[in-house]
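Asker: Protein chains in written order, with this note's numbering: chain A, 1 to 574; chain B, 1001 to 1600; chain C, 2001 to 2141; chain D, 3001 to 3353.
Read the hints as simulated data drawn from the structure, not as lab findings. Check before you lean on any hint, since a few could be wrong.
No farther apart than 25 Å at their CA atoms in a straight line, the calculated lysine-lysine pairs in the DSS-like style are these [stated by the list, open to error]:
| hint | chain 1 | residue 1 | chain 2 | residue 2 |
| --- | --- | --- | --- | --- |
| 1 | A | Lys267 | A | Lys253 |
| 2 | A | Lys362 | B | Lys1408 |
| 3 | A | Lys19 | A | Lys40 |
| 4 | D | Lys3177 | A | Lys396 |
| 5 | A | Lys295 | D | Lys3010 |
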Amino acid sequence: MEEVRIGVYVCWCGSNIAKMVDVEEVSREVEKLPGVVIAKDYKYMCSDPGQDLIIQDIKKHNLNRVVVSACSPRIHELTFRKALENAGLNQYMFEMANIREHVSWVHTDRAEATKKAKTLVAGAINRVKWHESLDKRHVDIDPATLIIGGGISGISAALEIANAGKQVYLVEKADKIGGYVAKLDLTFPHMYSGKDMIQPKIDKVMNHEKIEVFLNSMIDEVFGYVGNFEATVKAKDEKEIKFGNVIVATGLKPFDPSGIDNYQYGKLPDIITSLELEEMFINGQVTKKDGTIPKNIALIHCVGSRNTNYHEYCSRTCCMSALKYANQLRSALPESNIFNIYADIRAFGKGCEEFYTNTSKKNVMFLMYDQQNDLPKIKKAGTGDNCDMIIEMNEKLSGEAIEVPADMVVLMVGMKAHENAKEIAHAVGISMCGNEFYIERHPKLDPVATTTDGVYIVGTCQSPKDIPDSVTQANAAAARVLATINVAHMEVEVTTAVVNEDVCCGCQTCINVCPYTAISYDEEKNVSVVNEILCKGCGTCGSACPTGAIRSRHFTDEQILSQIEGLMSMQLQI
Amino acid sequence: MQGKNQTALCLCPTQNGYTDWVDLNEIANYASEKLQIKTIWFSNDLPLLNAEIIAEKIKQSNAVQIILAGDKPGFFKPLFSRAMRVVGLDPKNVKLVSFSEYGAVNRYHTGLAKALVACAFYNVPFDVAAKQPAKNVNPETLVIGGGIAGIQASLEIADGNQKVYLVERTGTIGGHMAMFDKTFPTLDCAACILTPKMVEIGQHPNIDLMTYCEVIDVSGEPGDYTVKIRQKARRVNLATCIGCGICSEKCPPNVPSEFDTGTGLRKSIYIPFPQAVPNKYLIDADSCTYVKNGKCGVCVKVCPVKDCINLDEKDHEVELKVGNIVVATGFQTFDAKKIERYGYGIYDNVVTSLEFERLVNAAGPTGGNITIRTTDKKGNKIFKGDSEVPKSYAIIHCIGSRDENHHKYCSRVCCMYSLKLAHLVKEKLPDAEVYEYYIDMRAFGKGYEEFYNRINSEGIHIIRGRTAKVLDKKGKLIVRSEDIEADKLIEQEVDMVILAVGLEPREDAKHIAEILGLSSDNEGWFKEYNYANDPVGTYNGGITIAGVCQGPKDIPDTVAQASAAAARVLQSIILGNVGAGLNTISPDVIIEKAKKLSTL
Amino acid sequence: MEFEPTIVSFLCNWCSYTGADLAGTSRMKYAHNVRVIRVMCSGRVEPTFVFKAFREGADGVLICGCHPGDCHYHEGNYKCLRRYHLIKKYLDQMGIEQDRLRLAWISASEGKQFAELADEMTETIKSLGPCKVKNVMETLT
Amino acid sequence: MNNRVDPNFKNELYKLGNKESWNDCFHCGNCTAVCSLTEENIVFPRKAIRYMQMGLKDKLAQSAEPWLCYYCGDCTETCPRDANPGEIMMALRRWQTVKYEWTGLAGLFYKSFTSLIVALILVAIAILTIGFMKDFNHEAIMHFGHSLEFWLIICVFSIILVPNIIRMFYFTVIKAKVKAPIGSYIAAFLSLFGHMFTQIKTFKCDKQTTRWLIHFLVVMGYLGLLVITVFLDWFGTENQSIINLGYITGGLVFVFTFILMISRLSKNRELNKYSHSTDWFFIIWLFLMGLTAFLVRLFIDIDLLTNNFWLYMIHLMVITQWGLLLVPFGKWTHFLYRSFAVSFINLKKASLS
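Only chain A is shown next, with the shape it has when bound in the complex:
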């Protein structure tokens, strides 16, 4: 084996790390460790000059291993790997020690934090000694794309890709595409027609030669990896499809307000959700259940949103929808009294604040309530009240406990993740956050990609959003897909399992534990064989193997065991 020559780089991250960790001491101490040729600290390792520093050192000191001790590898592992490549070193000869998220940001004792940082770096140094060169595999990208969900996001992404001449499979659970937007009469803030907007798109998708639409269909399980996925579309007739990328656009489920006692949904007749009101507008008929026209109409915002008992998050669109309804009601029922019972008006989009201003000129009464601690109470009105219902609430802007007359109450229900969200997440291998919305690769700089290569999330399945924002995301994902298709091939991780056939005894334990059926049994040789394309590198087989014949590349026993040693040895030195 060649001589191990490690370069260690400790990042200040401005003051983010340097404030709580004595980075200079860390770099001084670890430089003494065996194998370490050079150790340095620098203000921003990830910056251009920081990366240059590594590249120069690799060349100058003939380094063959690099450890960077900085932030989470989830953020910058790829950045530094690229730097290694640029310096002509195999990118896997690299290890990161996370001394920001796991040290400087979470600890308060500078001495202890510094000590911990040192042990983490020592662990990384020990581990990197066992790293081996791995070559990324180039895979060809299948130019077809699978899109799950036929709402506005799915449709927009489909058209964007298909219009560039690439094949799209669009799988929709319902019997028609269009989703919730197709059920909208008008859109905010300009009161454009929802139908005119989406219908041409629906028509285009249904008749597009490059788009195959599967209605009443579901995806069971997606096999493969970026560029080479395959799945079975489950419908009346099953169909096998192959594709290179997946866009998940499963959309939303409206919040069910029947769980909120104060609102009496389902118990009093004329308490409806915003969706039911939308339908009334489409039918041109806003009436109570008894067919008469309501005189007093109250719209309650934030139903199920911004309340830790239901959903803590803001559903982003309800405020503006409620203003839209106020305008529609004013138009359809000019004599009615309209009350918007809100928490904060979130009119943040382009043209939305202006829409809010104009709405307040239309004789709409705005009343503010506390959406977290003090929900309005709806009760049946008594005789002589001259209305059907009474809403009791504490109005925050006046500080008064008031009563609001109502003949119809519209609950502006928030958005939840789709009921199939979990299933789909499993089928395509992406993660969900606590409230079942999918997690993007990076909340700011990569809002449509996921941690699984080749799988993108767009629209309300990522978090609540309005039409323009959904369409934008859909197009953004399309850009990614088009770019990969255009390049036609890409590099994939090779951190898969391999079997050492000399040691394998053919017990087939690994085959039972593999979740991807990536391991098969070669009867002739009496050994297990890993299909590296199907293997996703979880390592479960490696830990189950009784003989140690299976190695998880880049997570080998030697690597982890010596990392443990490193972690503990430093501990004793101090």
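Based on the hints, put chains B, C and D in the right spot on chain A.
Answerer: Below, chains B, C and D alone, put in the same frame as chain A:
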């Protein structure tokens, strides 16, 4: 299908009082003569409050379909739907033609408005009728603006194996995002997530980065644009500068640093900030002693690289040929001096949020220490790391936003960044008191509400009530606001006031719009092709917009939009499609096509 | 000086490591005794790793994976769970208190839970005192 | 129920002047904070605007705060939504005037321009009739006029104004459940006269000095003229210093009301943007009163009155209309309510501290 005799047209004049609006009489004439629509109403003449009367009118006209056309006719739709219902007709046959949806906003667009009415009449989607034939598109793309939007769009296109020219006005890419300390709601540092992208831009084989450049002229047509670019004299050779910084050390003048929004000083020969890309020096001609007086030249003497600095370099022009242009010119912050009551520019310790952002930034002039503003010997008002530390802070939301006297719109990011700044103060100075004054708390994005709740529990005073004035009382600042929820007036004494300034179109946005032939809305933001359906396209084929230049938005929305713009560009290159391009297609052509495709 | 234990923890890359990162980005403060090793899946954690940690002087070992049903690799965390019970029994036989090993589910959004878990675990180990395995082994050899 | 919101309340306000901006306010609190007269527990205009938008009439009746506003225009100038809080406060004061006034005539005159004109004509006819009955005998009519002025003041005060002030007290102190210690009542009563004559609070408003001076001079002129004509018998006296004093006060009244009218007409300032018709009656009649009184005495002095007795008839008509209609039911009462409001607010402050 409905014939011409069964269609009634109702024209809705503008409600905004524009005198220069689309000529509705001409449209009425066109509809009755060319489309032979017999029943034409004007919404002003109808008794709009009464669905029954309108129902009666519909009955008399024998119409089974109604086209509502004009300025946001959607506001009348529910009334007409109800009237249709009263007549016993299907409310779905009320069609909307909203002129502004496709950019017909003044009398020059009357032709376009006619085409829109015709498409509705012939029952052909406008986008279908207005579609232009495919053509050869130059695969090279120009991206204007090197902020996060421009960076993202460039990377997406370049990753798709296409050539990109990224033109940036200043000496480095990074834009406003590079100036921020942390980003909401996850609080990861802006530099940590942005600089890798900047580095990638600098290294990408498909990206030609042109900093310190300005686009001065664009000619040609969609798919084949010729762009003239002025390369401003950098006076330092990009290829040979090694970024050692000796020149800067010896350079005599100290001037306010733009990157630090004037909170700190820089030299005449400088790098905007340590992580700048390209990480090379440049000379600011306005302050350079040599450029001004012809004397000095110290930098040339100390520079270790031969002929790297050329103090006599002149601006020159470059010409590029591109097929698509992505406009990502960004924004500027509202000038808080315009509202004198808040005392910005009068009291030293009234600062803007952007200044404060530099103040808390570890890479800023104070090394991340929050201090009061001081005056140095030369009279520069700057911040120094070792000055006194303010103990109490007021953060005032909506400065210049949501205000009929300034900008009517909401700037979308201020609520969240204000909460973030409050958190940063509390993190650095746990004993500090922070007061936030807001109107409505707009925490709408993913994880934002959770962030708000968290900040709320950190002991920060969040007060509903817009501050009206800041006064000075013996060196302390008095912030006068109503605490609406507590029902009282408060005069809070604080050491520092942070003004959450809104976003506004750049000063030169109008100029850029002229060069590119883009439309702008009333506020000066670039107009997108279609609000909901196509938020990145413009009326000029081959030109897309991304980021805040289209309207205020936060980083994730900007990034998504930039990627969307890139999708459009890639699609156009692959397919030779340059978008509908209303500015390059005549309304008559659209009408003819609609007639042909008509299902009537 | 108060006893400061060392706890070696194995975190799966998809949920738990992200959750621990979230604790960091949210600036939640927790005990400094936890040292993290990243594995792709909790299913990768071999008994050897645990024993090695104790052998090298760790006072506690923490394994974190995705919540049941949420495993990025479908069921790696179940495999881990089975192994966990086995390791516990074995620890007992070796004279190591069972409480020194703990398995917990931390999702990507549970930064707070991770911080609390780290504190809790530290307290537990503190009450158990230093693990003697290493010394014993060294005297034996 | 009295805490029921009332979306139709705005219709009442429409007639009192505020038509466009009643619902524009989105409650940022800027107006309260920009106002120089607000104090920790004395917040307006926003709170009153809120009651108005919600139609909480009882709450509005109980708020004396609108009377503290001198309409300097700061709130309106800086309002981020052009909701014109200053004008809304003005409209609310009109509404409160109507509310406190027990006969209902104030309400009638505010809402119906015609009824005010009819009332003015009826009074004019009555004066003419009386003149006719007295054969237009100068001596008799002037004697009658003098005693009419005297009794008018007594009656209007005791029948209309005092009961109205008591009603105002009832609403803003008793119904609003203000519980102030007895001592504060005395202090409030003592401070009353200072406010009434000087309106000293205006000084707290920025850039208001000139406006305050004009108002002060008009008030002083008006009160002086009142005392001199009614109690010192200006038209009958021979005492030269009284006569001169009368000239000065009369002159003050018509000269400065004239200046006020000009400024209203030019509408160059924020606060004069929206003038209600009743505001015009108030100022015109004040002007006419000063002018006619001045001329009557002048005519007496240069001995022209005998041949121009119509002048006195006009003067008598003007002051009767003024005293019988405009003082008890018009804007004059604002002066009274405003002064009392300061005292009542002082009680509220005392009860809160």
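Asker: Report the numbers of all earlier hints that the structure fails to satisfy, in ascending order.
Answerer: none
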